[in-house]
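Heads up: the sequence lines are chains U and Z, in that order. The opening residue of the first sequence carries number 1 in the working numbering; numbering runs sequentially from there. The opening residue of the second sequence carries number 1 in the working numbering; numbering runs sequentially from there.
Since the hints were made in silico from the structure, they are not lab data. Heads up, the beta-carbon is just placed ideally off N, CA and C, and yes, glycines get one too. Where hints are given, some of them may not hold.
Covered stretches of chain U, as calculated for chain Z (at least 3 residues, CB under 8 angstroms) [unchecked claim]:
| # | segment |
| --- | --- |
| 1 | 43-51 |
| 2 | 75-82 |
| 3 | 173-179 |
| 4 | 187-195 |
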Amino acid sequence: MPSGLGLFLDSAETTMFVGLMKDEKTLASNSFYYPRKQAELLLVEIKNTLDKFSYSPKDLNYIAVGIGPGSFTGVRIALAIAKTLAFSLDLKMYVISSLLAYAKYDEPSIICFDARGNRTYFACYKKGDYIIKETILNNDDVKKFILEHADFTLRGNFKHLGIDVNSEIDIFSFYRSLNENNLVKDVKAIKPIYLKDL
Amino acid sequence: MRDNVELKIVEVKAEDEEIIYKFCDGLDYFPSAIMHDVIDNDFGKVFLLYRNDEVVGIIDYWITFDSSTLAMIYIDEKYRRLGYAKKLMNFMFEDLKNEGVKFASLEVREHNLSAKSLYLSLGYEFINVKEQYYKDGEDALYYVKNIEPSPLILAIESSCDETSIAITRNKKILSNVISSQIEKHRVYGGVMPELASRLHIENILYVLETALKDASVMVEEIDAIAFTRGPGLVGALHVGLEVAKTLSYIYDIPLIPVHHLAGHIYANEYVTELKFPLLAVVVSGGNSELVIMRDHLQFDIIGRTVDDAIGECYDKVARVMGLPYPGGVEIDRLAKKGRATYKLPIPHTQGLYDLSFSGLKTHIINLVNSLNMKGETLNKEDLACSFQEVALAEIVKKVELAAKNFNVKQILVAGGVSSNSRLKEMLHNIYDNSRIELFFPPLSLCGDNAAMIARFAHHLYLKGVHASLDVGVDPNWEITDFNDF
Numbered sequence: 001m002p003s004g005l006g007l008f009l010d011s012a013e014t015t016m017f018v019g020l021m022k023d024e025k026t027l028a029s030n031s032f033y034y035p036r037k038q039a040e041l042l043l044v045e046i047k048n049t050l051d052k053f054s055y056s057p058k059d060l061n062y063i064a065v066g067i068g069p070g071s072f073t074g075v076r077i078a079l080a081i082a083k084t085l086a087f088s089l090d091l092k093m094y095v096i097s098s099l100l101a102y103a104k105y106d107e108p109s110i111i112c113f114d115a116r117g118n119r120t121y122f123a124c125y126k127k128g129d130y131i132i133k134e135t136i137l138n139n140d141d142v143k144k145f146i147l148e149h150a151d152f153t154l155r156g157n158f159k160h161l162g163i164d165v166n167s168e169i170d171i172f173s174f175y176r177s178l179n180e181n182n183l184v185k186d187v188k189a190i191k192p193i194y195l196k197d198l
Numbered sequence: 001m002r003d004n005v006e007l008k009i010v011e012v013k014a015e016d017e018e019i020i021y022k023f024c025d026g027l028d029y030f031p032s033a034i035m036h037d038v039i040d041n042d043f044g045k046v047f048l049l050y051r052n053d054e055v056v057g058i059i060d061y062w063i064t065f066d067s068s069t070l071a072m073i074y075i076d077e078k079y080r081r082l083g084y085a086k087k088l089m090n091f092m093f094e095d096l097k098n099e100g101v102k103f104a105s106l107e108v109r110e111h112n113l114s115a116k117s118l119y120l121s122l123g124y125e126f127i128n129v130k131e132q133y134y135k136d137g138e139d140a141l142y143y144v145k146n147i148e149p150s151p152l153i154l155a156i157e158s159s160c161d162e163t164s165i166a167i168t169r170n171k172k173i174l175s176n177v178i179s180s181q182i183e184k185h186r187v188y189g190g191v192m193p194e195l196a197s198r199l200h201i202e203n204i205l206y207v208l209e210t211a212l213k214d215a216s217v218m219v220e221e222i223d224a225i226a227f228t229r230g231p232g233l234v235g236a237l238h239v240g241l242e243v244a245k246t247l248s249y250i251y252d253i254p255l256i257p258v259h260h261l262a263g264h265i266y267a268n269e270y271v272t273e274l275k276f277p278l279l280a281v282v283v284s285g286g287n288s289e290l291v292i293m294r295d296h297l298q299f300d301i302i303g304r305t306v307d308d309a310i311g312e313c314y315d316k317v318a319r320v321m322g323l324p325y326p327g328g329v330e331i332d333r334l335a336k337k338g339r340a341t342y343k344l345p346i347p348h349t350q351g352l353y354d355l356s357f358s359g360l361k362t363h364i365i366n367l368v369n370s371l372n373m374k375g376e377t378l379n380k381e382d383l384a385c386s387f388q389e390v391a392l393a394e395i396v397k398k399v400e401l402a403a404k405n406f407n408v409k410q411i412l413v414a415g416g417v418s419s420n421s422r423l424k425e426m427l428h429n430i431y432d433n434s435r436i437e438l439f440f441p442p443l444s445l446c447g448d449n450a451a452m453i454a455r456f457a458h459h460l461y462l463k464g465v466h467a468s469l470d471v472g473v474d475p476n477w478e479i480t481d482f483n484d485f
């Protein structure tokens, strides 16, 4: 797990997330619901978060960002900011699946986002390891899977499946999921996980 | 026109030695010293003023980091009092701004009243006397002037299928990196918006890194970050927006949103000073507009396409003819080998200066389809020529009418279609040897590029225009609202 001051970002879902960790301590963990306004406001919320602790971007040691799947535009917004920060300030950059960013680290989790067209971005994790890697499934298959795995925690957004679950990112789980495998070697080259062709 | 005098300023090269020795014979500042500045002195810059083909003036100055010294300026006695010295001095000031110089100095002979009054009128201040400075024992007066260095601007363009980042200082393009996606879009026969956005996020930091390296600049030195806010593809614009905002935030640099078409128009400023009123003919893949400018940063749209943009029409016609994307280049190439044998409908519009291309496009699509059905062969070269003649004549007709009615001094052609060779030829045929000046951007700045975005941003910077970090993009931004974001 990374150390020092870390900025956590994700905007793959309709809520966008900005978090700040100092070593293992959570300084900020905020979800914002700004539908269609992520492009305008994500950077503003990053600034507000750092300002609150009198930090400037130059104080950061690393940045962690969810790179999808999810809203194409949302994913690119967080990633464009994260890449530019990491490139300019020579920060360590960790990337993870946005689905994994929503998981509960200690609980076996099923994570879903609405992929539109009666489909779901789906993954199943346990302690940072995949049980089922992120994929796109038909909503009916997802519902069936959920019924068969009643002991799993539901994370992410299930409204499109008729299930009243819409959870926010738990920053400590996000933090604990990070390891050397998530560390980006070439910040310039990193691109989103779309799971959908053009 | 007062007379047919053409003045131009040309940098002196090593091979101009003979000209220098002849023109500067007997001057205080020896020809050998001038040639030393040309050849050996890395800090020296020497320019000649030509009046038609005759050398009438010379200026020699040194730039050392952020200060400069005037080594010599001389105007042929026959051509004094015509403002030629002032012209050379102003040329030097412009260059000093381009080079980031902050301070200019010179020495002048105490008795040289006309030179002294020129320098004072140009904003120099007298500092002190350098006694017995000249060989003949005459004192020199030491004059200095502060130069307001032009802002160093980093601009990002990502509105369509080119990822581009440029770094400029005034009219000096330090770098202008363009990563074109054309090859990737070609398989789809046109620009695929989601693919464009994906390629922007993949490419943009490579483009940024190269732009900084080519310009030998660090982001910390930049005075303003400009970006294309619209019009364009929304997902594509977002990538440039976020990179621009993040750089602005990290380094606390003003952020300047730029209208893409204003950028296209201002690409012409790399080849000419704008003279108002002017007519800007914006012809690109996404837009076709006639814009009147009565001053800098002042736009009136007097006409526009009521349906397809001209570039869009080119691409669609090219596609139905089985030509590769981008179709404009291909049609232009084929048309040169063809004749205008196909009879095509002349577009009609309600608005005096409006344009319409969809009727022409539909007619060609139907024509090609019916020829295919009958199994008849299509003469692609003739059709390309016929189409191009009708489509461009429509633009040229509206340009002529607008140029006359608005009594413009200049016509600036802007946008991707400004690289079309036939459009160039048709307009040159009308406006060469006329009182209206006609300009096209340099070929390298016709398509989408960030240097043009930086050029418009330069004007906005001087006006103090900038945006806060919550600025967004506007895919349908009107040029008249360029200041509204």
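Contradicted hints - numbers only
3
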